[in-house]
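2 protein chains.
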Amino acid sequence: MPVSSRAWHLAARPIGEPKPTDFVSVTTTVADPGPGHILVRNDWLSVDPYMRGRMDEGESYIPQFELGEAMTGHAVGTVVASGADNVPVGSTVLHFLGWREYALLPAAVEVLDTRLAPAQAYLGALGMTGLTAYAGLTHVAPVQRGDVVFVSAAAGAVGSVAGQIAKRLGAAKVIGSAGGPGKARRLVEDFGYDIGLDYRAGDLPGQLTKAAPEGIDVYFDNVGGDHLQAALGAMNQHGRIALCGAISIYNSAEPPPGPSNLPLAIGKRITLRGMNVGDHYNIATGYIQQATDWLQDGSLRTEETILDGIDKTVEAFLSMMRGANTGKTLVHLP
Amino acid sequence: MPVSSRAWHLAARPIGEPKPTDFVSVTTTVADPGPGHILVRNDWLSVDPYMRGRMDEGESYIPQFELGEAMTGHAVGTVVASGADNVPVGSTVLHFLGWREYALLPAAVEVLDTRLAPAQAYLGALGMTGLTAYAGLTHVAPVQRGDVVFVSAAAGAVGSVAGQIAKRLGAAKVIGSAGGPGKARRLVEDFGYDIGLDYRAGDLPGQLTKAAPEGIDVYFDNVGGDHLQAALGAMNQHGRIALCGAISIYNSAEPPPGPSNLPLAIGKRITLRGMNVGDHYNIATGYIQQATDWLQDGSLRTEETILDGIDKTVEAFLSMMRGANTGKTLVHLP
Numbered sequence: 004m005p006v007s008s009r010a011w012h013l014a015a016r017p018i019g020e021p022k023p024t025d026f027v028s029v030t031t032t033v034a035d036p037g038p039g040h041i042l043v044r045n046d047w048l049s050v051d052p053y054m055r056g057r058m059d060e061g062e063s064y065i066p067q068f069e070l071g072e073a074m075t076g077h078a079v080g081t082v083v084a085s086g087a088d089n090v091p092v093g094s095t096v097l098h099f100l101g102w103r104e105y106a107l108l109p110a111a112v113e114v115l116d117t118r119l120a121p122a123q124a125y126l127g128a129l130g131m132t133g134l135t136a137y138a139g140l141t142h143v144a145p146v147q148r149g150d151v152v153f154v155s156a157a158a159g160a161v162g163s164v165a166g167q168i169a170k171r172l173g174a175a176k177v178i179g180s181a182g183g184p185g186k187a188r189r190l191v192e193d194f195g196y197d198i199g200l201d202y203r204a205g206d207l208p209g210q211l212t213k214a215a216p217e218g219i220d221v222y223f224d225n226v227g228g229d230h231l232q233a234a235l236g237a238m239n240q241h242g243r244i245a246l247c248g249a250i251s252i253y254n255s256a257e258p259p260p261g262p263s264n265l266p267l268a269i270g271k272r273i274t275l276r277g278m279n280v281g282d283h284y285n286i287a288t289g290y291i292q293q294a295t296d297w298l299q300d301g302s303l304r305t306e307e308t309i310l311d312g313i314d315k316t317v318e319a320f321l322s323m324m325r326g327a328n329t330g331k332t333l334v335h336l337p
Numbered sequence: 004m005p006v007s008s009r010a011w012h013l014a015a016r017p018i019g020e021p022k023p024t025d026f027v028s029v030t031t032t033v034a035d036p037g038p039g040h041i042l043v044r045n046d047w048l049s050v051d052p053y054m055r056g057r058m059d060e061g062e063s064y065i066p067q068f069e070l071g072e073a074m075t076g077h078a079v080g081t082v083v084a085s086g087a088d089n090v091p092v093g094s095t096v097l098h099f100l101g102w103r104e105y106a107l108l109p110a111a112v113e114v115l116d117t118r119l120a121p122a123q124a125y126l127g128a129l130g131m132t133g134l135t136a137y138a139g140l141t142h143v144a145p146v147q148r149g150d151v152v153f154v155s156a157a158a159g160a161v162g163s164v165a166g167q168i169a170k171r172l173g174a175a176k177v178i179g180s181a182g183g184p185g186k187a188r189r190l191v192e193d194f195g196y197d198i199g200l201d202y203r204a205g206d207l208p209g210q211l212t213k214a215a216p217e218g219i220d221v222y223f224d225n226v227g228g229d230h231l232q233a234a235l236g237a238m239n240q241h242g243r244i245a246l247c248g249a250i251s252i253y254n255s256a257e258p259p260p261g262p263s264n265l266p267l268a269i270g271k272r273i274t275l276r277g278m279n280v281g282d283h284y285n286i287a288t289g290y291i292q293q294a295t296d297w298l299q300d301g302s303l304r305t306e307e308t309i310l311d312g313i314d315k316t317v318e319a320f321l322s323m324m325r326g327a328n329t330g331k332t333l334v335h336l337p
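Note that the protein sequences, when read in sequence, are chains A and B. So our numbering is basically just the index in the first sequence, starting at one, shifted up by 3. So our numbering is basically just the index in the second sequence, starting at one, shifted up by 3.
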């Protein structure tokens with residue numbers, strides 16, 4: 004039976020920081036699934052920083068959102084009608100048709116085992132978010148035993164996992180930065196960091212030097228801008244930087260200047276490497292098995308900021324982009 | 004018998020572009036060599052961009068020049084007195100006590116075979132310069148068969164060799180940039196480039212897009228600044244950048260902003276890697292053997308800009324820094 008479903012469409016390409024009016028909620032009717040297809044009632048929607056880039060014009064590594072079309076993104080839901088034997092009604096699945104209540108899609112989805120972890124964990128520590136942290140610290144900017152590691156946006160979805168992974172990989176000291184004294188404290192109390200910096204307190208280069216007078220070996224960059232500049236300054240010889248995100252500039256109408264101290268990378272033989280989690284799906288299975296164990300034995304601590312209801316999706320995205328949240332930001336559809 | 008020797012000392016730390024008065028020529032007496040030491044009459048002095056950094060204060064990967072002390076750098080000379088059996092009088096040697104007429108030093112020097120190549124080649128294509136180009140394109144930003152390669156300062160000591168090496172490594176297209184139409188033409192006519200760009204003609208990003216509508220895969224950066232920005236814009240997915248030099252900013256009193264499009268490295272998964280030739284001496288022997296063959300069979304073309312006399316050392320350095328020269332800049336002590 005066709006169902007009524009609300010979905011968020013991109014109404015206007017944001018200039019600078021997106022406004023609520025850049026998005027519009029549209030009610031459509033979603034048909035029954037044909038052979039090989041499934042109808043999913045979404046339970047959890049993911050909002051992620053990379054989506055900001057998809058709202059702009061121009062080409063990218065991932066298709067842009069089309070104006071007037073439903074937006075997409077990772078989501079977890081329950082199959083409510085199925086035309087595919089291998090994905091029966093009642094299955095919990097991970098797919099890419101988020102920002103909506105119901106999704107009609109081919110049955111080529113990942114069926115999740117919710118006995119091992121709650122469904123929404125597959126959007127966070129067991130999903131793209133956790134794999135990003137893991138791949139970044141093992142393959143892009145590999146942590147070696149005894150390293151000093153610095154992570155920005157450390158209280159965010161990726162950063163709150165990255166610090167704990169860096170410690171498991173043998174880092175001698177893991178330093179995180181976040182916005183505000185409360186978050187900086189939580190980095191240490193809840194997310195396994197040895198030192199939490201509050202970048203809003205200013206003088207990040209000075210804070211970093213004080214936290215790591217011996218210099219840093221690995222920097223996991225979620226922020227760009229001043230954070231990248233500070234990290235380049237503090238970096239040791241042969242340091243490694245994973246360029247994972249640049250949330251400090253995603254909302255800039257005009258791109259701000261890059262780090263003026265980038266030439267330090269020459270003398271220090273620093274490697275900066277851009278990363279996209281999609282290049283690392285080959286290690287996902289192994290990572291998820293490990294991380295599932297860590298979640299089950301309580302040694303990997305995660306946090307979710309949850310907003311309830313499809314109406315809250317835009318608010319969830321905007322507050323996440325402003326750095327108002329801690330851990331993984333999710334929309335729950337009750 | 005002690006000899007009288009003139010040597011260049013650093014008289015003042017340059018602010019911005021060095022002035023002739025930042026250097027002073029000092030005459031000293033150099034003693035006879037004791038056991039294990041040699042006295043070398045320098046025949047050729049090397050002037051190189053990295054020396055500009057040594058004139059500033061502060062720590063670096065290489066010791067700074069001391070104010071009021073003789074400067075150093077690569078030089079080739081003839082042993083005129085020896086306290087070491089393994090380096091007899093008459094040997095041609097490579098060492099690091101340049102910027103002077105006579106050098107007294109331990110016999111732990113490289114003895115050169117001048118039947119294979121002229122002595123000064125060991126300061127250029129067979130020396131640090133050539134190895135820099137080779138290591139950069141094989142180990143730092145490895146060229147793969149079919150790649151499009153872009154080299155800046157392409158008519159300089161490193162760049163004039165790098166283009167030819169990139170072609171040997173299988174690059175499908177090698178693009179160089181240099182200052183002025185004459186140099187741009189010589190890139191193609193003399194140094195093996197497929198396309199020569201004149202960056203002084205402006206709109207480097209546009210020139211690069213026109214030269215490589217298919218995008219570039221490897222960028223060998225000797226310049227930084229606008230060149231790095233243009234290369235990041237033109238780079239293909241999984242592109243590689245060797246950060247070898249930043250001559251466009253070495254003379255800046257205040258560091259200019261970095262590339263505002265550095266975040267492109269995230270989506271394009273670009274690797275930027277700072278390099279120092281000192282990390283690659285393990286491949287020097289093999290490279291020199293190869294390059295000697297190329298020089299002998301005429302397949303590697305090189306050029307030298309030669310100034311005569313110790314008096315001209317500062318002028319040689321300054322004109323090289325201004326980009327006035329082509330190929331390797333040398334001072335010849337007749």
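Hints listed in this document are in silico derivations from the structure and should not be mistaken for laboratory results. Among these hints, one or two may not hold up.
[Claimed, not checked] Rough simulated footprint, nothing fancy, chain A against chain B, three-plus residues with beta-carbon under 8 Å:
no. : stretch
1   : 209-222
2   : 272-282
[What the hints assert, rightly or not] Within a straight-line C-alpha distance of at most 25 Å, the following computed DMTMM-like cross-link-like pairs (lysine to aspartate or glutamate) qualify:
no. : chain 1 : residue 1 : chain 2 : residue 2
3   : B       : Lys213    : B       : Asp197
4   : B       : Lys271    : B       : Glu307
5   : B       : Lys176    : B       : Asp229
6   : A       : Lys22     : A       : Glu307
7   : B       : Lys271    : A       : Glu257
8   : B       : Lys213    : A       : Glu60
9   : A       : Lys271    : B       : Glu60
10  : B       : Lys271    : A       : Glu20
11  : A       : Lys271    : A       : Asp229
12  : A       : Lys271    : B       : Glu257
13  : B       : Lys271    : A       : Asp282
14  : B       : Lys213    : B       : Glu192
15  : A       : Lys271    : B       : Asp59
16  : A       : Lys271    : B       : Glu192
17  : A       : Lys271    : A       : Glu306
18  : A       : Lys271    : B       : Asp197
Remember, predicted model here, so these are calculated numbers, not experimental data. By construction, the Cβ of each residue, glycine as well, lies at the ideal position given by its N, Cα and C atoms.
Here is what the structure says about each hint:
| no. | hint | result |
| --- | --- | --- |
| 1 | 209-222 | violated (count 0) |
| 2 | 272-282 | holds (count 9) |
| 3 | B:Lys213 / B:Asp197 | holds (13 Å) |
| 4 | B:Lys271 / B:Glu307 | violated (38 Å) |
| 5 | B:Lys176 / B:Asp229 | holds (22 Å) |
| 6 | A:Lys22 / A:Glu307 | holds (24 Å) |
| 7 | B:Lys271 / A:Glu257 | holds (20 Å) |
| 8 | B:Lys213 / A:Glu60 | holds (22 Å) |
| 9 | A:Lys271 / B:Glu60 | holds (16 Å) |
| 10 | B:Lys271 / A:Glu20 | holds (23 Å) |
| 11 | A:Lys271 / A:Asp229 | holds (19 Å) |
| 12 | A:Lys271 / B:Glu257 | holds (20 Å) |
| 13 | B:Lys271 / A:Asp282 | holds (11 Å) |
| 14 | B:Lys213 / B:Glu192 | holds (20 Å) |
| 15 | A:Lys271 / B:Asp59 | holds (16 Å) |
| 16 | A:Lys271 / B:Glu192 | violated (36 Å) |
| 17 | A:Lys271 / A:Glu306 | violated (36 Å) |
| 18 | A:Lys271 / B:Asp197 | violated (32 Å) |
Figure legend: structure checked against the earlier numbered hints; hints not met, in rising order: 1, 4, 16, 17, 18.
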